[in-house]
Amino acid sequence: GAVVSQHPSWVICKSGTSVKIECRSLDFQATTMFWYRQFPKQSLMLMATSNEGSKATYEQGVEKDKFLINHASLTLSTLTVTSAHPEDSSFYICSATGRLAGVDTQYFGPGTRLTVL
Amino acid sequence: AQSVTQLGSHVSVSEGALVLLRCNYSSSVPPYLFWYVQYPNQGLQLLLKYTSAATLVKGINGFEAEFKKSETSFHLTKPSAHMSDAAEYFCAVRPNSGGSNYKLTFGKGTLLTVNP
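Just so you know, the sequences run in chain order B and X. Under the working numbering, think of the first position of the first sequence as 1, with each following residue one higher. Under the working numbering, think of the first position of the second sequence as 1, with each following residue one higher.
Think of the hints as simulated: they come from the structure by calculation, not from any bench. Hints should not be assumed to be uniformly reliable.
In silico BS3-like links for lysine-lysine, alpha-carbon gap of 27 Å or less [said to hold, decoys possible]:
| id | chain 1 | residue 1 | chain 2 | residue 2 |
| --- | --- | --- | --- | --- |
| 1 | B | Lys41 | X | Lys108 |
| 2 | B | Lys55 | X | Lys68 |
| 3 | B | Lys20 | B | Lys41 |
| 4 | B | Lys41 | X | Lys103 |
| 5 | X | Lys58 | X | Lys69 |
| 6 | X | Lys103 | B | Lys20 |
| 7 | B | Lys14 | B | Lys64 |
| 8 | X | Lys69 | X | Lys108 |
| 9 | X | Lys49 | B | Lys41 |
| 10 | B | Lys55 | B | Lys20 |
| 11 | B | Lys55 | B | Lys41 |
| 12 | B | Lys66 | X | Lys49 |
| 13 | X | Lys108 | X | Lys58 |
| 14 | X | Lys68 | X | Lys103 |
| 15 | B | Lys55 | B | Lys66 |
| 16 | B | Lys66 | B | Lys20 |
| 17 | X | Lys58 | X | Lys103 |
| 18 | B | Lys66 | X | Lys103 |
| 19 | B | Lys64 | X | Lys103 |
| 20 | X | Lys69 | X | Lys103 |
| 21 | B | Lys20 | B | Lys64 |
| 22 | B | Lys66 | B | Lys14 |
| 23 | X | Lys108 | X | Lys68 |
| 24 | X | Lys58 | X | Lys68 |
| 25 | B | Lys64 | X | Lys108 |
Derived coverage of chain X by chain B (criterion: at least 3 residues anywhere in the stretch with Cβ under 8 Å from a Cβ of chain B; other residues may be distant) [unchecked claim]:
| id | segment |
| --- | --- |
| 26 | 37-45 |
| 27 | 103-110 |
If you're wondering where the values come from, they're calculated on a predicted model, not measured in any experiment. The beta-carbon is built from N, C-alpha and C at its ideal position, and this holds for glycine as well.
Extracted from the complex, chain X is given alone in its bound form (with noise of 0.2 Å):
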């Protein structure tokens, strides 16, 4: 069994402050790890993953998010937010084989509002 848990289903930050977008999960087999983003009517764009190399993960757009086992956390950041990284922010899990698992479970997403 798996689950994704977001903390924050809301998050203003101010244009060019710290972003920090909160994911922890539980899984009972190693878990890979994705975030995605959600614009406005829009599909779902992958930011970065987790796939049992390094534990600090670099993504698209200036984002990363680090593994941590023993926090069974991946919390996803930015230095500097932009008004363009308003959106919607998913955090998803699925066990680390192929095949059917790669069923993903999402959290239910966390809203960043970016502010002038």
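Bound conformation, chain B alone (with noise of 0.2 Å):
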């Protein structure tokens, strides 16, 4: 089964609200989670990496304050796209990274899809 998961796997929103994604390493704990987000025919691109318990470190070009990202726990991580527009419209994708089974690993979650009217 699956080691990351996501919530939703999709989404539709109207513009100007919010919208809060999950992601859960199910099978151990993440020391470490990245987003990404990747626009249709278009590579993954790097949005911030969050280590627990402390703030994300946001790549260049990335608005902290609309994409609100707290890993509160070694299992869980939240992406918040706040004031949500059409061109957030976008595939997010988290991964992991931590020990499983002895092996520092890295999965990727299953993405989500927001799609914003």
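Taking the hints as your guide, dock the two standalone chains into a single complex.
Here's what the structure looks like:
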């Protein structure tokens, strides 16, 4: 089964609303989680890196006040898109790194499709 | 600094033909290299990875890749394509150390289509 889950898998919202996306590591404690966004037919672009209990580190050009990341526990990180606009419509993918069966590994979630109307 | 270049945004092969997807990297430190596959509307699945052990790496679904330091390449191959191999493939690189350096840099992807 999947070792990293995301919820919801897809969401449609109205412009101006906020949307929260959850990323959970299921079989291991994730010391670091990464959030990516992917536009149609394009590659993954790293948005931010989050470590449990500390503030996220955002990549250049990513608005930290718009994309709020909370990594409250070793198994859960959330990305909140605040005051969403149509240009925020994208595929958001998280990944988690940790030690599973004694091996440091990185796993990707299945992604969340966000559509802002 | 690190970067990945995937040559060819779209590769089309016939079923049963050789699959070759090209990836060249640039890294200021010894890298770890990865190939991921993404099916439509899904996340990434790891095909294989190079972590400074054997230069020829075998992955899932019959894929393999060879790390060539002199050519700074990590091309992905499969001897015989199946229809189910049709997907987007991403090459990625990161420094060969742990912690926050798990941050991956992805190439732009190569869409593989397999013709019957």
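A quick look at each hint next to the structure:
no. : hint                  : in the structure
1   : B:Lys41 with X:Lys108 : holds (9 Å)
2   : B:Lys55 with X:Lys68  : violated (38 Å)
3   : B:Lys20 with B:Lys41  : holds (24 Å)
4   : B:Lys41 with X:Lys103 : holds (21 Å)
5   : X:Lys58 with X:Lys69  : holds (17 Å)
6   : X:Lys103 with B:Lys20 : holds (23 Å)
7   : B:Lys14 with B:Lys64  : holds (21 Å)
8   : X:Lys69 with X:Lys108 : holds (21 Å)
9   : X:Lys49 with B:Lys41  : holds (23 Å)
10  : B:Lys55 with B:Lys20  : holds (17 Å)
11  : B:Lys55 with B:Lys41  : violated (31 Å)
12  : B:Lys66 with X:Lys49  : violated (34 Å)
13  : X:Lys108 with X:Lys58 : holds (23 Å)
14  : X:Lys68 with X:Lys103 : holds (22 Å)
15  : B:Lys55 with B:Lys66  : holds (15 Å)
16  : B:Lys66 with B:Lys20  : holds (12 Å)
17  : X:Lys58 with X:Lys103 : holds (23 Å)
18  : B:Lys66 with X:Lys103 : holds (22 Å)
19  : B:Lys64 with X:Lys103 : holds (18 Å)
20  : X:Lys69 with X:Lys103 : holds (21 Å)
21  : B:Lys20 with B:Lys64  : holds (14 Å)
22  : B:Lys66 with B:Lys14  : holds (16 Å)
23  : X:Lys108 with X:Lys68 : holds (20 Å)
24  : X:Lys58 with X:Lys68  : holds (15 Å)
25  : B:Lys64 with X:Lys108 : holds (25 Å)
26  : 37-45                 : holds (count 5)
27  : 103-110               : holds (count 7)
When held up to the earlier numbered hints, the structure conflicts with 2, 11, 12 and fits the remainder.
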